[in-house]
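Participant: Spelled out, the chains give:
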Amino acid sequence: MFYRECGNYKDSYASDMAIFPIPLDRYGFIIMMILAFLVIPFTASDYWLSNIMIPFYCFGLSAIGLNILAGYAGQISIGHAAFMAVGAYASLILYGRYGIPLIPSILGGGLISSAVGTIFGLPSLRIKGFYLAIATLASQFIIQWIIVHWHWLSGAVFGTVETPDMQIFGWLIDTPVKKYFLALGWVVLLAIVAKNLVRGQLGRNWQAIRDVDYAAEIIGVNLYKDKLIAFAVSTFYAGISGSLITFCYYGAANIEEFHVMVSFALLGMIIIGGLGTILGSFFGAGFFVLLPIGINQGLGNFMAVVPSEILSNLEAIIFGGLIVLFLIVEPYGMARLWHTIKDKMRLWPFPY
Amino acid sequence: MNERKEPILRAENISIAFGGLQALNDVSLEIYPGEIMGIIGPNGAGKTTMLNIINGFYKQDKGRIFFEGKERPRRMKPNQIAAQGIARTFQNLAIFSGMSALGNIMMGRTMMMHSNIFSQALYWRFSQKEEIEHRAAAERIIDFLQIENIRRTPSSMLPYGLRKRVELARALAAEPKLLLLDEPMAGMNLEEKEDIARFVLDANEELGYTIALIEHDMGVVMDICDRIVVLDFGEKISEGTPDEVKADPKVIKAYLGEAGG
Amino acid sequence: MTFFLEVLVTGLLVGIMYSLVALGFALIFKASDVFNMAQGDMSLLAGLALVGFLELNFPLWLALVCTIAIMTILAYVTVFVVLKPLVARPPIMLFMATFGLAYMIQGIGQSIWGTQAKGLNLGIPDIPITLGGLFLSTFDLTFGAAAGVLVFILVWFFHKTRTGRALRAVSDDHEAALSVGIPLLKAWAVTWVIAGIVAVVAGIAWGTRMGVQFSISYIALKALPVLIIGGLDSIMGVIIAGLVVGAGENLAEVFIGPYVGGGIQTFFPYLIALLVLYFKPYGLFGKEIIERV
Chain A
0 MFYRECGNYK
10 DSYASDMAIF
20 PIPLDRYGFI
30 IMMILAFLVI
40 PFTASDYWLS
50 NIMIPFYCFG
60 LSAIGLNILA
70 GYAGQISIGH
80 AAFMAVGAYA
90 SLILYGRYGI
100 PLIPSILGGG
110 LISSAVGTIF
120 GLPSLRIKGF
130 YLAIATLASQ
140 FIIQWIIVHW
150 HWLSGAVFGT
160 VETPDMQIFG
170 WLIDTPVKKY
180 FLALGWVVLL
190 AIVAKNLVRG
200 QLGRNWQAIR
210 DVDYAAEIIG
220 VNLYKDKLIA
230 FAVSTFYAGI
240 SGSLITFCYY
250 GAANIEEFHV
260 MVSFALLGMI
270 IIGGLGTILG
280 SFFGAGFFVL
290 LPIGINQGLG
300 NFMAVVPSEI
310 LSNLEAIIFG
320 GLIVLFLIVE
330 PYGMARLWHT
340 IKDKMRLWPF
350 PY
Chain B
0 MNERKEPILR
10 AENISIAFGG
20 LQALNDVSLE
30 IYPGEIMGII
40 GPNGAGKTTM
50 LNIINGFYKQ
60 DKGRIFFEGK
70 ERPRRMKPNQ
80 IAAQGIARTF
90 QNLAIFSGMS
100 ALGNIMMGRT
110 MMMHSNIFSQ
120 ALYWRFSQKE
130 EIEHRAAAER
140 IIDFLQIENI
150 RRTPSSMLPY
160 GLRKRVELAR
170 ALAAEPKLLL
180 LDEPMAGMNL
190 EEKEDIARFV
200 LDANEELGYT
210 IALIEHDMGV
220 VMDICDRIVV
230 LDFGEKISEG
240 TPDEVKADPK
250 VIKAYLGEAG
260 G
Chain C
0 MTFFLEVLVT
10 GLLVGIMYSL
20 VALGFALIFK
30 ASDVFNMAQG
40 DMSLLAGLAL
50 VGFLELNFPL
60 WLALVCTIAI
70 MTILAYVTVF
80 VVLKPLVARP
90 PIMLFMATFG
100 LAYMIQGIGQ
110 SIWGTQAKGL
120 NLGIPDIPIT
130 LGGLFLSTFD
140 LTFGAAAGVL
150 VFILVWFFHK
160 TRTGRALRAV
170 SDDHEAALSV
180 GIPLLKAWAV
190 TWVIAGIVAV
200 VAGIAWGTRM
210 GVQFSISYIA
220 LKALPVLIIG
230 GLDSIMGVII
240 AGLVVGAGEN
250 LAEVFIGPYV
260 GGGIQTFFPY
270 LIALLVLYFK
280 PYGLFGKEII
290 ERV
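Residue numbers (numbering that gives the first Met the number 0), protein chains in the order written: chain A, 0 to 351; chain B, 0 to 260; chain C, 0 to 292.
No lab work stands behind these hints: they were computed from the structure.
If you want the footprint, here are the derived chain C segments under chain A, 3+ residues with CB under 8 angstroms: (1) 87–101; (2) 106–117; (3) 226–236; (4) 265–271; (5) 274–281.
This one's a predicted model, so the numbers in the text were calculated from it and none came from an experiment. C-beta atoms are modelled at their ideal positions from N, C-alpha and C, and glycine is treated no differently.
Generate the whole structure from the sequences, applying the supplied hints.
Facilitator: Shown next as structure tokens:
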């Protein structure tokens, strides 16, 4: 009874095709926006803002990018973190070395990452499936090596570049709250853009390519073009999220933060969260960021009893275990679970 | 019978071999605008191969294809051929199982959608207008095929018969000049077959579509087709109206045999 | 010239090791159509278990038997708990499941046996010897030989024995195999046990070389391009590809490395893989997947 769909008739195609056709969903979204913009920044501790919300937003954005490529377009990629790195370094160099203002620098990071990503996406025109997955892994290692060894890029010895103070039009962005808003702003904007893209014709083309690519071709889809666009958009998101997480969280561009295990983790995030959904990307990212905390809290009382070795590895075990569990039980991830719960709420308390 | 207009598709001396197997050997056929043409033959005769060549999935070893009088360059890709105005359904049912029925049908409109990525990203005026316009077209097809109540259902949850209908809807949505149907009635019971047969006829008579179809059910083929081409072991063994073909001894020998006309 | 040959042969010897690890992947892929992302972590687990048993003062033969026992248990648990519910799903899901498995194996292994690097000393000296005028390491030779023997055994098993042939039959169509009564899951379990044994050997080889630690799981990542270059389902291809990658990587590192700052071996195999894929999208010897339209 809480989740009403009755009496919800659409009298135009436009309203039927809106992002939130059901009023309750719309209100839910507005409430979330209020929470994100007005409540959290002023009530949460600095720790929460810096170490939980900001990484959550950044990984969520990155996960959206990967979801577009792997979940919607069906091109499995295990090199996503490398493109985050490209964005991070590119935007830092633009801002720190060339003095380009912050927002255009971040945007530039995304665009450069997108260009690199499109080049590394070229193999998708000829190879598919596992072969493609391994080719994307190639991009991870090649990009990593280039960043470490190309000294013009990384400047310092170990490929780390510190972020200078951030400012927009002279307004210094130094507190967690300000960084929070910077990240939040980008994420909300780009998430809406992503949602628009995937529910439009491009999103449908991508899903068609994923489902039956020869049928997509036969109905007029240009496979080459749309696959490359998927890579371009996906790595753009990776680049932006890489820039954001570097500026607002890590404080320095460090290639170690973007190595292959992060690529794996991102893949795990979208599997758990929900392949082929925007919401799922956030679920997965949130899960990943909160898992270590959850374990600490949950087992806090048992710290003395449980050997520390098991504790530190529990994360990996649970993360892996949940990936397997979701694949068996709910292959569409938490997002589908969420929709199922909403469906049940439609009729609650009636059981049928 | 009637004066011959220019054929919409002409396949001239098509031959293709896979490994050691000669799938098609010097086959020529024409499809005329406004007709329903049937392609029949025993299993393995090369019918689907012929369709695949018309679509551009396979390139013939020898022979030429003419669409609307113009010869088709060999390097044309399937999506370019589709853009010329050919749409198709598949023998093994190739609907997009990750999308709803509506999504599948909207895919049929993809060639007619022109808004660019930036417009779509912002769901701006042009993109929105186009989306609505094509949604309206999709709804017309949904009405025509009477699948209103399943438009939002994920295709993976639809029963076989309705999935086939969605695939047909997708092809119709493309408003093609030539519609190729590969065994649209395979695996259906009598009632479902009658439904599809009715839709095919309606598509031809009311909406004016030119249709070429591969089918095994002789009753259906004889009823709805204007002309029939018969293939056997990769060669064309007969061609003509249903009555002519029914009576052709070569066809009877190869195919109809004891089952009767 | 001698130097070149030394680099080449050393590379080839390492290459055989790559072939072996890649073989573990290829076997599982051939039999169950699953791309096992957990292969590297299985090697890690094997290494950890072996060291663990040795530390308990088990004689070597007993430690080996126990390690193999553990890998067998792992194989059965994997097949019957993780893969069985996913039999009918698309291969990409099975791939992702092995992915989750990788995380779990790593976590469990390290929980039981800890995360610090452990030395593994099996009494094989790392002294150089001269063979045919070339200065080579006994170490490399021993493991190269062992790997070679194992590869040979595996190829023989798959092509000549009845079980092996049944396993090959299974790989083409799971549901069909099930429907004709081939005990699919048992067949899979056998394959995974074999892959587990391969993991043990790989674990020993690399564990001795660099200590048993977390980074062993990365060896698998090295073997992936080998798999791709050879072709996912071609045993011959994998062997050849391993040799090519091992030799190529070593030659590149030694002769080109100094000019570009070194560390080439981290990505060189992948570069070769990309090149090969450009010309042959299914690897040098892989079976082309033709979809029936």
